[in-house]
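S.K.: Keeping their order, the protein sequence lines are chains V and S. Under this note's numbering, read the first sequence as residues 1 to 304, first letter to last. Under this note's numbering, read the second sequence as residues 1 to 326, first letter to last.
Please note that the accuracy of each hint is not assured.
[What the hints assert, rightly or not] Result set (DMTMM-like, lysine to aspartate or glutamate): computed pairs, CA atoms no more than 25 angstroms apart in a straight line: (1) S:K56 - S:D78; (2) V:K65 - V:D229; (3) V:K77 - V:D66; (4) S:K9 - V:D260; (5) S:K179 - S:D275; (6) V:K295 - S:D275; (7) V:K65 - V:E53; (8) V:K263 - S:D275; (9) V:K263 - V:D76; (10) V:K295 - V:E194; (11) S:K179 - V:E53; (12) V:K131 - S:D275; (13) S:K9 - S:D314; (14) V:K61 - V:D229; (15) V:K67 - V:E53; (16) V:K263 - V:E53; (17) S:K56 - S:D110; (18) S:K179 - V:D260; (19) V:K67 - V:D260; (20) V:K131 - S:D110; (21) S:K9 - S:D321.
[Said to hold, decoys possible] Residues from chain S that keep clear of chain V, each with C-beta distances beyond 10 angstroms, as calculated: (22) I17; (23) I20; (24) L28; (25) D48; (26) R60; (27) Q66; (28) L152; (29) P164; (30) V171; (31) L183; (32) A242; (33) H243; (34) T262; (35) G266; (36) A299; (37) T302.
If you're looking for bench data, these hints aren't it; they were derived computationally from the structure. Owing to the predicted nature of the structure, the values given are computational and were not obtained by experimental measurement. Glycine included, C-beta positions come from ideal geometry on N, C-alpha and C.
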Amino acid sequence: MTLASTVAIAPDPASATQSVNRRILGAAWGMTSFRIGLFVFIALLLASAIYPEISSMSATKMVVKDKFLPPLFIGDKWSWGHPLGTDQLGRDMLLRCLIGLRYSLMIGIITVVLIFIIGCGLGLFAGFKGKWWDTIIMRITDAQLSVPMIILAITILGVSRPTVPTIIIVLALSGWPLYARVARSAAVTERGLEYVRGLRVLGAGDWRILLLFAAPNILPPIAFVAVLDVARMMIFEAILGFLGLGIQPPTPSFGSIIADSRKYLINAWWIATSPGVFLAVALTSINLMGAALEKARNRVYGGL
Amino acid sequence: MLILEFLVKRILQGFLIIGITSFIIFTLLRVVPGDPVRLIVGGMAPPDVVEKVATKMGLRDPIVVQYGRYMVGLLQGDLGQSYLRPRSGMVAAGGQYVDPTKSDMAPVTDLILERLPVTLQLGGVALVFALLISFPVGIAGGLRQNGWPNTLAFAVQSLFVSIPNFWLAIVLILFLSVKLNWLPALGYQGFSYVILPALVLSVEIAPFIIRTLTTSFGEVMQAPFIDEARVRGLSRRRIVYAHALRNAAVPLVNLLGIQLSTLIGGVLVIEYIFDYPGLGNLTVVSVVGRDFPVIQGIAITTSAVFVFINIIVDLVAYLIDPRVEL
Numbered sequence: 001m002t003l004a005s006t007v008a009i010a011p012d013p014a015s016a017t018q019s020v021n022r023r024i025l026g027a028a029w030g031m032t033s034f035r036i037g038l039f040v041f042i043a044l045l046l047a048s049a050i051y052p053e054i055s056s057m058s059a060t061k062m063v064v065k066d067k068f069l070p071p072l073f074i075g076d077k078w079s080w081g082h083p084l085g086t087d088q089l090g091r092d093m094l095l096r097c098l099i100g101l102r103y104s105l106m107i108g109i110i111t112v113v114l115i116f117i118i119g120c121g122l123g124l125f126a127g128f129k130g131k132w133w134d135t136i137i138m139r140i141t142d143a144q145l146s147v148p149m150i151i152l153a154i155t156i157l158g159v160s161r162p163t164v165p166t167i168i169i170v171l172a173l174s175g176w177p178l179y180a181r182v183a184r185s186a187a188v189t190e191r192g193l194e195y196v197r198g199l200r201v202l203g204a205g206d207w208r209i210l211l212l213f214a215a216p217n218i219l220p221p222i223a224f225v226a227v228l229d230v231a232r233m234m235i236f237e238a239i240l241g242f243l244g245l246g247i248q249p250p251t252p253s254f255g256s257i258i259a260d261s262r263k264y265l266i267n268a269w270w271i272a273t274s275p276g277v278f279l280a281v282a283l284t285s286i287n288l289m290g291a292a293l294e295k296a297r298n299r300v301y302g303g304l
Numbered sequence: 001m002l003i004l005e006f007l008v009k010r011i012l013q014g015f016l017i018i019g020i021t022s023f024i025i026f027t028l029l030r031v032v033p034g035d036p037v038r039l040i041v042g043g044m045a046p047p048d049v050v051e052k053v054a055t056k057m058g059l060r061d062p063i064v065v066q067y068g069r070y071m072v073g074l075l076q077g078d079l080g081q082s083y084l085r086p087r088s089g090m091v092a093a094g095g096q097y098v099d100p101t102k103s104d105m106a107p108v109t110d111l112i113l114e115r116l117p118v119t120l121q122l123g124g125v126a127l128v129f130a131l132l133i134s135f136p137v138g139i140a141g142g143l144r145q146n147g148w149p150n151t152l153a154f155a156v157q158s159l160f161v162s163i164p165n166f167w168l169a170i171v172l173i174l175f176l177s178v179k180l181n182w183l184p185a186l187g188y189q190g191f192s193y194v195i196l197p198a199l200v201l202s203v204e205i206a207p208f209i210i211r212t213l214t215t216s217f218g219e220v221m222q223a224p225f226i227d228e229a230r231v232r233g234l235s236r237r238r239i240v241y242a243h244a245l246r247n248a249a250v251p252l253v254n255l256l257g258i259q260l261s262t263l264i265g266g267v268l269v270i271e272y273i274f275d276y277p278g279l280g281n282l283t284v285v286s287v288v289g290r291d292f293p294v295i296q297g298i299a300i301t302t303s304a305v306f307v308f309i310n311i312i313v314d315l316v317a318y319l320i321d322p323r324v325e326l
């Protein structure tokens with residue numbers, strides 16, 4: 001039995017999972033792209049956590065005399081107090097971008113965690129139980145998958161009031177099907193493996209096998225790739241904000257800042273540019289980490 | 001015979017999926033707050049008028065009854081009528097009162113059929129652009145796993161996937177159409193209006209194609225039959241295009257089926273930004289106006305398109321590579 005499972009997947013699944021995951025992390029850490037991504041990400045995280053707290057300015061209060069100040073060293077009205085300039089109401093752009101980043105990261109991360117739990121939970125359950133549980137759950141998954149996430153999100157948020165929890169729920173609701181599919185197919189494969197049959201013979205129940213033995217094998221590989229989805233969710237949050245269906249002004253969010261700034265594009269280009277650059281840098285850092293983790297995972301699982 | 005059996009099975013499944021989808025959307029729209037009747041009769045109308053119109057339109061019946069009525073109409077190709085758009089094409093507002101219970105409102109089927117080709121054109125052009133960008137980058141990256149083409153492919157895909165589409169759209173409008181005046185940006189008056197939105201959309205799709213091409217080419221080139229082709233003395237060009245490409249194409253075709261919903265979602269936002277008169281723009285306007293029949297119609301149409309294209313994708317994957325299970 002041990003021999004068969006050794007051939008089928010990674011080494012002895014129950015005891016060696018820890019080290020497999022650690023090896024994946026180690027392999028990812030060895031890539032330059034992962035380190036760059038991680039450092040940029042941590043820098044952004046610290047900046048968004050600390051700067052708004054120590055800054056004496058307000059991200060929402062308008063200061064009309066300071067409106068349209070350009071960023072550092074551009075034009076002749078710039079000041080050290082507003083490194084990225086100010087917007088049409090005299091609010092500091094750096095502060096607004098960092099607070100926007102805070103919301104964006106928060107929504108992105110919480111949503112992915114929710115999606116992961118819902119999607120993988122349903123997928124594991126469907127794949128492990130099989131029969132009509134499987135059929136029902138997977139058909140619902142197909143139906144959910146066939147409505148593009150943005151249409152669903154816009155429909156729900158457009159007719160109800162967008163707040164942070166509703167945005168998270170809507171994004172999670174429309175994001176889980178892919179995870180359910182992946183987890184299900186992994187669970188179906190896992191169900192047929194020798195060690196599961198061995199546990200059955202020893203008298204373990206479905207839930208015990210699923211949660212204690214199968215899940216630790218199936219979930220980590222999916223979790224490594226889920227990092228990429230944080231970036232995807234952040235983009236969706238920004239899109240919703242841009243359409244006016246995200247976090248409502250005056251609270252800054254990337255989407256709404258960019259949407260408002262379109263009117264001043266020619267004369268005050270920095271209002272539209274800086275949140276875009278912030279978002280793009282944050283997303284690139286997450287994507288670099290995610291891609292490196294995915295590569296490391298494929299290498300460790302593929303070329304053992 | 002196998003193909004016929006597959007088609008029948010999948011089409012039946014497809015109808016089931018569309019049925020579930022329509023029910024979910026239908027229920028959702030009626031559970032969320034916001035009474036469309038209020039918008040139809042206007043904010044100043046007294047409550048009894050609201051109730052009268054609502055009852056007349058059947059909006060106070062149980063959801064299941066409403067859904068049944070809707071499905072009967074759907075089977076006859078009737079998706080209902082818009083709450084807000086009269087046949088004349090103007091949006092009903094203020095001044096003239098259009099009675100929404102009468103038949104002078106535009107049928108949803110017409111609204112959708114009018115816009116679907118325009119949207120499909122945008123999606124198609126974007127897909128062509130995306131393939132043009134990703135084929136050279138992706139194939140080169142896949143062929144030289146340890147060289148600079150692979151690094152380039154990785155960089156392009158990381159960069160493209162990190163650019164928010166709406167932001168790119170604004171920047172491109174600013175540079176290419178406002179400053180340089182090369183391409184028209186807003187509205188739709190001919191083919192040149194498709195190029196800019198399609199370009200933005202292709203940047204959104206390209207990273208997925210590049211990634212799939214790089215990995216699948218990398219795998220295929222390791223396969224024994226490629227070595228064998230080398231031994232047979234075939235030229236590198238012939239090995240890549242005649243042998244490797246065909247095998248690497250299957251994951252790509254599958255990807256297109258899965259990424260279709262990203263494509264549709266992207267179309268929606270981009271049409272809104274470029275004021276492109278397609279389905280996406282109609283969706284945003286309808287959601288803001290709580291035009292329920294139109295939203296339902298669009299959701300059903302997109303889910304039908306999704307199901308249909310996925311059937312084709314699986315069929316094409318089978319035709320390319322008969323080892324793929326139907």
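S.K.: Taking the hints in turn, state whether each one holds.
M.R.: For each hint, the structure was consulted:
{"no.": "1", "hint": "S:K56 - S:D78", "verdict": "holds, 19 angstroms"}
{"no.": "2", "hint": "V:K65 - V:D229", "verdict": "violated, 41 angstroms"}
{"no.": "3", "hint": "V:K77 - V:D66", "verdict": "holds, 10 angstroms"}
{"no.": "4", "hint": "S:K9 - V:D260", "verdict": "violated, 49 angstroms"}
{"no.": "5", "hint": "S:K179 - S:D275", "verdict": "holds, 19 angstroms"}
{"no.": "6", "hint": "V:K295 - S:D275", "verdict": "violated, 40 angstroms"}
{"no.": "7", "hint": "V:K65 - V:E53", "verdict": "holds, 24 angstroms"}
{"no.": "8", "hint": "V:K263 - S:D275", "verdict": "holds, 16 angstroms"}
{"no.": "9", "hint": "V:K263 - V:D76", "verdict": "holds, 22 angstroms"}
{"no.": "10", "hint": "V:K295 - V:E194", "verdict": "violated, 28 angstroms"}
{"no.": "11", "hint": "S:K179 - V:E53", "verdict": "violated, 39 angstroms"}
{"no.": "12", "hint": "V:K131 - S:D275", "verdict": "violated, 48 angstroms"}
{"no.": "13", "hint": "S:K9 - S:D314", "verdict": "holds, 13 angstroms"}
{"no.": "14", "hint": "V:K61 - V:D229", "verdict": "violated, 34 angstroms"}
{"no.": "15", "hint": "V:K67 - V:E53", "verdict": "holds, 23 angstroms"}
{"no.": "16", "hint": "V:K263 - V:E53", "verdict": "violated, 30 angstroms"}
{"no.": "17", "hint": "S:K56 - S:D110", "verdict": "holds, 23 angstroms"}
{"no.": "18", "hint": "S:K179 - V:D260", "verdict": "holds, 20 angstroms"}
{"no.": "19", "hint": "V:K67 - V:D260", "verdict": "holds, 14 angstroms"}
{"no.": "20", "hint": "V:K131 - S:D110", "verdict": "violated, 42 angstroms"}
{"no.": "21", "hint": "S:K9 - S:D321", "verdict": "holds, 20 angstroms"}
{"no.": "22", "hint": "I17", "verdict": "violated, 5 angstroms"}
{"no.": "23", "hint": "I20", "verdict": "violated, 4 angstroms"}
{"no.": "24", "hint": "L28", "verdict": "violated, 7 angstroms"}
{"no.": "25", "hint": "D48", "verdict": "holds, 24 angstroms"}
{"no.": "26", "hint": "R60", "verdict": "holds, 18 angstroms"}
{"no.": "27", "hint": "Q66", "verdict": "holds, 16 angstroms"}
{"no.": "28", "hint": "L152", "verdict": "holds, 13 angstroms"}
{"no.": "29", "hint": "P164", "verdict": "violated, 5 angstroms"}
{"no.": "30", "hint": "V171", "verdict": "violated, 7 angstroms"}
{"no.": "31", "hint": "L183", "verdict": "holds, 17 angstroms"}
{"no.": "32", "hint": "A242", "verdict": "holds, 27 angstroms"}
{"no.": "33", "hint": "H243", "verdict": "holds, 22 angstroms"}
{"no.": "34", "hint": "T262", "verdict": "violated, 8 angstroms"}
{"no.": "35", "hint": "G266", "verdict": "violated, 8 angstroms"}
{"no.": "36", "hint": "A299", "verdict": "violated, 6 angstroms"}
{"no.": "37", "hint": "T302", "verdict": "violated, 6 angstroms"}
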